[in-house]
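Could you build all of it, start to finish, from the sequences and the hints given here?
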Amino acid sequence: MDSKDFVNIFAKKSGLDVKSATEAIEAITSTITDTLVAMDSVAIPSFGTFESVKKDETITRDIATNKRVLLPPSIEVKFKPATALSNSIKE
Amino acid sequence: MNNIITIRQFVTILQQKGFMAEQPDNCEAVVFSFFHTIAETLKTDDIVSIDGLGDFTIVNRESGLIIFMPDPTLADVVNEPFAFFEPTEISEVVTDEMLEVPTTEMPKEIIQDEVKEFKAVEDTKKPEGPVKADPQDRNAYVISVPKTENSYHEQTSVSQPGSFTETPDPKTIEREQELKREQELRRELERELELRREMEMRREQELRKEQEPVEKEEDKLIKENVEYHSDFYPEQDVDEDDETEEESESTEEIEDEESETMEPRESTGHSTLTLVAIAILALAIGFVTGLFSAEHLFAGEDEDIGYQSNVAEQIELLRSELFSPEDTMRQESTDKSVENISNDSDGVEQTATEEYISEAMVEEEPIVITDTIKENYYLTHMSRKYYGGVMEFWVYIYLENQNNLGNPTKVKPNTVVVIPPVEKYGIDPNSKKSIALAKQIANEINSKYK
Numbered sequence: 001m002d003s004k005d006f007v008n009i010f011a012k013k014s015g016l017d018v019k020s021a022t023e024a025i026e027a028i029t030s031t032i033t034d035t036l037v038a039m040d041s042v043a044i045p046s047f048g049t050f051e052s053v054k055k056d057e058t059i060t061r062d063i064a065t066n067k068r069v070l071l072p073p074s075i076e077v078k079f080k081p082a083t084a085l086s087n088s089i090k091e
Numbered sequence: 092m093n094n095i096i097t098i099r100q101f102v103t104i105l106q107q108k109g110f111m112a113e114q115p116d117n118c119e120a121v122v123f124s125f126f127h128t129i130a131e132t133l134k135t136d137d138i139v140s141i142d143g144l145g146d147f148t149i150v151n152r153e154s155g156l157i158i159f160m161p162d163p164t165l166a167d168v169v170n171e172p173f174a175f176f177e178p179t180e181i182s183e184v185v186t187d188e189m190l191e192v193p194t195t196e197m198p199k200e201i202i203q204d205e206v207k208e209f210k211a212v213e214d215t216k217k218p219e220g221p222v223k224a225d226p227q228d229r230n231a232y233v234i235s236v237p238k239t240e241n242s243y244h245e246q247t248s249v250s251q252p253g254s255f256t257e258t259p260d261p262k263t264i265e266r267e268q269e270l271k272r273e274q275e276l277r278r279e280l281e282r283e284l285e286l287r288r289e290m291e292m293r294r295e296q297e298l299r300k301e302q303e304p305v306e307k308e309e310d311k312l313i314k315e316n317v318e319y320h321s322d323f324y325p326e327q328d329v330d331e332d333d334e335t336e337e338e339s340e341s342t343e344e345i346e347d348e349e350s351e352t353m354e355p356r357e358s359t360g361h362s363t364l365t366l367v368a369i370a371i372l373a374l375a376i377g378f379v380t381g382l383f384s385a386e387h388l389f390a391g392e393d394e395d396i397g398y399q400s401n402v403a404e405q406i407e408l409l410r411s412e413l414f415s416p417e418d419t420m421r422q423e424s425t426d427k428s429v430e431n432i433s434n435d436s437d438g439v440e441q442t443a444t445e446e447y448i449s450e451a452m453v454e455e456e457p458i459v460i461t462d463t464i465k466e467n468y469y470l471t472h473m474s475r476k477y478y479g480g481v482m483e484f485w486v487y488i489y490l491e492n493q494n495n496l497g498n499p500t501k502v503k504p505n506t507v508v509v510i511p512p513v514e515k516y517g518i519d520p521n522s523k524k525s526i527a528l529a530k531q532i533a534n535e536i537n538s539k540y541k
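First to last, the protein sequences are chains A and B. First residue of the first sequence? That's 1 in our numbering, and the numbers climb one at a time after it. First residue of the second sequence? That's 92 in our numbering, and the numbers climb one at a time after it.
Simulated from the structure, these hints should not be mistaken for laboratory data. Wrong hints could be hidden among the right ones.
No farther apart than 30 Å at their CA atoms in a straight line, the calculated lysine-lysine pairs in the BS3-like style are these [what the hints assert, rightly or not]: (1) Lys13(A) <-> Lys134(B); (2) Lys54(A) <-> Lys465(B); (3) Lys12(A) <-> Lys134(B); (4) Lys78(A) <-> Lys67(A); (5) Lys12(A) <-> Lys108(B); (6) Lys108(B) <-> Lys80(A); (7) Lys134(B) <-> Lys90(A); (8) Lys80(A) <-> Lys523(B); (9) Lys19(A) <-> Lys108(B); (10) Lys4(A) <-> Lys108(B); (11) Lys19(A) <-> Lys134(B); (12) Lys134(B) <-> Lys4(A); (13) Lys78(A) <-> Lys524(B); (14) Lys78(A) <-> Lys108(B); (15) Lys108(B) <-> Lys13(A).
What follows is the structure, encoded as structure tokens:
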């Protein structure tokens with residue numbers, strides 16, 4: 001499901017029009033982004049936790065060229081799904 | 092940082108941003124609806140992508156494994172602090188060992204050196220063994236330049252006697268040289284003794300010749316005195332003219348003594364002068380030989396003190412032999428005038444010789460400073476101690492004791508070294524040239540042992 005379909009479904013379920021739903025999604029994502037930039041994590045009950053993790057520089061070997069590559073340090077966004085979400089998608 | 096934002100806090104942040112300002116009560120419901128929609132959608136679809144947030148992908152529905160791939164915009168914004176880094180290829184030249192993260196700890200050698208220096212400073216503050224450390228000496232070590240000379244001399248006065256007795260004389264060559272010197276000194280002393288004996292024999296013979304006529308003439312002198320008191324001057328003059336020269340010398344002396352209270356007589360002056368001249372000559376010869384022997388004896392003592400006690404005793408015996416005949420000769424002389432004159436002049440000359448000897452001892456006494464290498468107290472520490480706080484001058488201490496030390500980086504504790512005087516190598520802690528020269532010499536020495 002792409003973003004447009006999701007907006008439509010979200011609009012229907014929340015009782016908002018598409019424009020308001022789009023704005024609401026942008027507001028929520030921007031708030032999550034701000035929280036993650038501040039190296040904080042957002043915990044949503046029965047859904048999961050968004051967090052930002054700092055990763056140190058590492059040396060890996062490129063399999064294609066067989067050369068070692070120094071990967072710089074980075075901050076990555078990770079999502080830990082809640083147990084309720086994992087259970088809900090199980091068949 | 093590292094805070095967990097709950098859903099209520101999240102909603103309040105949204106409300107502060109003006110989200111759903113018209114319907115603030117619905118704000119929380121909308122947020123819940125948003126995440127609930129995602130969860131519901133994932134039940135039917137494997138992938139849910141939201142612009143600005145990312146993609147939720149179900150990898151394994153049986154295990155309930157979900158992967159979240161952040162939107163590139165979100166990932167870039169979050170990774171902004173490290174955005175300017177790029178993955179780089181590492182060349183083959185660079186080894187894994189080179190890429191190891193260096194430890195922040197200091198190398199052990201540097202730490203040990205610092206600890207050694209600290210201990211060395213503490214050791215100098217403590218009194219060193221039986222030798223009493225002067226307070227000025229401590230100041231000299233800490234404060235350095237101006238008081239070094241004082242401490243230098245103080246150190247000499249304190250360390251000299253002990254250091255000489257402690258030196259074990261490791262080299263046989265030095266011993267041989269010293270033995271040769273002693274042998275030469277003995278020969279010289281023996282020669283002098285022979286000369287003295289010859290002189291002594293001659294004097295005794297002369298004195299015997301003088302004494303014999305004196306004893307014979309004593310009776311005559313009594314008669315002459317009687318005549319003298321009874322105013323027979325011309326007869327006495329005639330008698331004296333008839334006497335031999337030797338006889339006249341001795342009688343005239345006695346008459347001179349007796350006539351001191353009476354009247355001065357011109358005729359006796361000539362003979363007494365000759366006797367005085369002989370006595371002065373004899374004493375002068377004795378004085379010169381005594382000086383000569385004293386010079387050699389004390390020069391020898393300076394070099395050999397504490398080296399062999401037997402040798403010193405032998406030298407003293409020889410000295411006593413050298414000086415004793417003169418004294419005995421003086422005691423044997425019965426002529427009172429000669430004795431008086433000789434005693435007077437001898438007293439003056441003896442004091443003169445003593446002064447000369449004492450001066451010679453003071454002048455020729457070498458100022459030798461020695462020190463002992465200990466653990467955490469090496470040549471550099473000595474250099475700082477004795478040469479105005481500059482450690483570079485250790486090379487001169489090393490050069491002075493080169494035969495005993497060997498490799499300067501592997502000196503052994505308890506090795507006694509001689510600290511050379513400042514003048515010998517032109518050591519000047521205030522001169523950069525002097526320090527630079529010392530460094531150059533140190534490089535040459537170090538290059539020998541590399």
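These are the hints, each one checked on the structure:
1. For the hint pairing Lys13(A) with Lys134(B), the CA-to-CA distance comes to about 16 Å; that is within 30 Å, so the pair holds.
2. This hinted pair does not check out: Lys54(A) and Lys465(B) have alpha carbons roughly 54 Å apart, beyond 30 Å.
3. With a C-alpha separation of about 17 Å, the suggested pairing of Lys12(A) with Lys134(B) holds against the 30 Å cut-off.
4. Between Lys78(A) and Lys67(A) the alpha-carbon distance is near 28 Å, which keeps this suggested pair within the 30 Å criterion.
5. For the given pair, Lys12(A) sits about 24 Å from Lys108(B) by alpha-carbon distance, which is consistent with the 30 Å threshold.
6. At most 30 Å may separate the alpha-carbon atoms for a hinted pair to count; Lys108(B) and Lys80(A) meet this at roughly 26 Å.
7. Proposed proximity of Lys134(B) and Lys90(A) is supported: the alpha carbons are some 8 Å apart, at most 30 Å.
8. This hinted pair does not check out: Lys80(A) and Lys523(B) have alpha carbons roughly 70 Å apart, beyond 30 Å.
9. Between Lys19(A) and Lys108(B) the CA atoms are separated by roughly 18 Å; this keeps the pair inside 30 Å, and the hint holds.
10. For the hint pairing Lys4(A) with Lys108(B), the CA-to-CA distance comes to about 24 Å; that is within 30 Å, so the pair holds.
11. Distance restraint check for Lys19(A) and Lys134(B): the Cα-Cα separation of roughly 25 Å lies within the 30 Å cut-off, and the hinted pair is therefore satisfied.
12. For the suggested pair Lys134(B) and Lys4(A), the alpha carbons sit about 18 Å apart, so the restraint of at most 30 Å is met.
13. The straight-line distance between the Cα atoms of Lys78(A) and Lys524(B) is roughly 67 Å, outside the 30 Å bound, and the hint therefore fails.
14. A C-alpha spacing of about 25 Å is found between Lys78(A) and Lys108(B), which places the hinted pair at or below 30 Å, so the restraint holds.
15. Proposed proximity of Lys108(B) and Lys13(A) is supported: the alpha carbons are some 23 Å apart, at most 30 Å.
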